[in-house]
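K.L.:
Just so we're aligned, residue 544 is where the sequence shown starts under our numbering, counting upward by one.
Source of the hints: derived by calculation from the structure; they are not laboratory data.
The beta carbon of each residue, even a glycine, is placed where N, CA and C say it ideally should be.
Among the clues, some could well be false.
[Claimed, not checked] Computed cross-link-like contacts, DSSO-like style, restricted to lysine-lysine with a CA-CA straight-line distance of at most 27 Å:
#, residue 1, residue 2
1, LYS656, LYS590
2, LYS604, LYS590
3, LYS640, LYS665
4, LYS656, LYS640
5, LYS665, LYS648
6, LYS590, LYS670
7, LYS648, LYS695
8, LYS665, LYS695
9, LYS604, LYS640
10, LYS695, LYS656
11, LYS588, LYS648
12, LYS665, LYS588
13, LYS670, LYS648
[Said to hold, decoys possible] What follows is a list of derived Cβ distance ranges for each label pair:
#, residue 1, residue 2, range
14, GLU724, ARG629, 29 to 37 Å
15, ALA549, ILE731, 19 to 27 Å
16, ALA558, ASP601, 39 to 47 Å
17, LYS648, LEU718, 23 to 31 Å
18, ARG678, GLU723, 12 to 20 Å
19, VAL596, GLU723, 22 to 30 Å
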Amino acid sequence: KLATGAPVVIPQVAAARAAARSKEMAKAGVGEDEAKNALVAAKEKFKIPVPGVDGVADCLKGETVVLTGLFPEVGGGSGLNLGKDRTTAMLVSFGAKVTGSVSGKTTVLLVGKEPGMSKVSKGRENKATRLMDLREMVEAIRSGGLSQVEEKPMVIESFSAGFGFRSGRQNGLALEASAEELAIAAGIVEVEEDMAALPAPSKKKKPAPAKKRKAKDTDAAPDVDDMLPPSLLAPPPPPPGKKKLALPPPPAPPPPPPPKRKRVKAMTA
């Protein structure tokens, strides 16, 4: 990684803000150079509030804050971390919890200069997350909490292009986003789905079972089975099975031998 790339500018926002600045300068009779010098002086005069001195202690207790973008008016750090460390320390000193990614528990997305499109898009999708800039956050700290500052819609002029690599590739989501996606993330197009206005999905009805028609004796057509001969209606014979071979009966036992007769000797006188 080498350095951050050129920001992705939203033309509609940049043109509108440039026209507004020109109108204000012409109205005040201030030249462009004088306006730039006044802006630089305002950034140099930025002072981090201190709990109990110029800010209400623990006024951010219970808030979960995520930072995105650069905070050059605070100073400190470089690259994509410009001013983030000091801003994080300020938030923590007033009781806030600072995390690195937007989630369902994020209550505030603090947006700096050239924020990341991914975090901004997630913050806008999460209805519980409030988008604020550093000026509004400092005002809330000095007033006693977020509820003391009116929530205003945020319009973003440019997004970060991410880091640039030696190959020339940059990893910023805004570089690959469509014009519609950029407009939604910048806040110049608001997309809301009103579920109540959408027609309810139609439920598919199950087809009713066909009603059996009772045949009348007078009008009923003859049954086909009655027209067939009985031989065709008889069920087919079962498949022939294996025949068992009949064994011959066992031979009869031989008759018993006749009894032997005893010879009687004749007795002489």
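K.L.:
Tell me, in ascending order, the numbers of any earlier hints that this structure violates.
P.N.:
Numbers 6, 11, 12, 18 and 19 - these are the hints that the structure violates, sorted from lowest upward.
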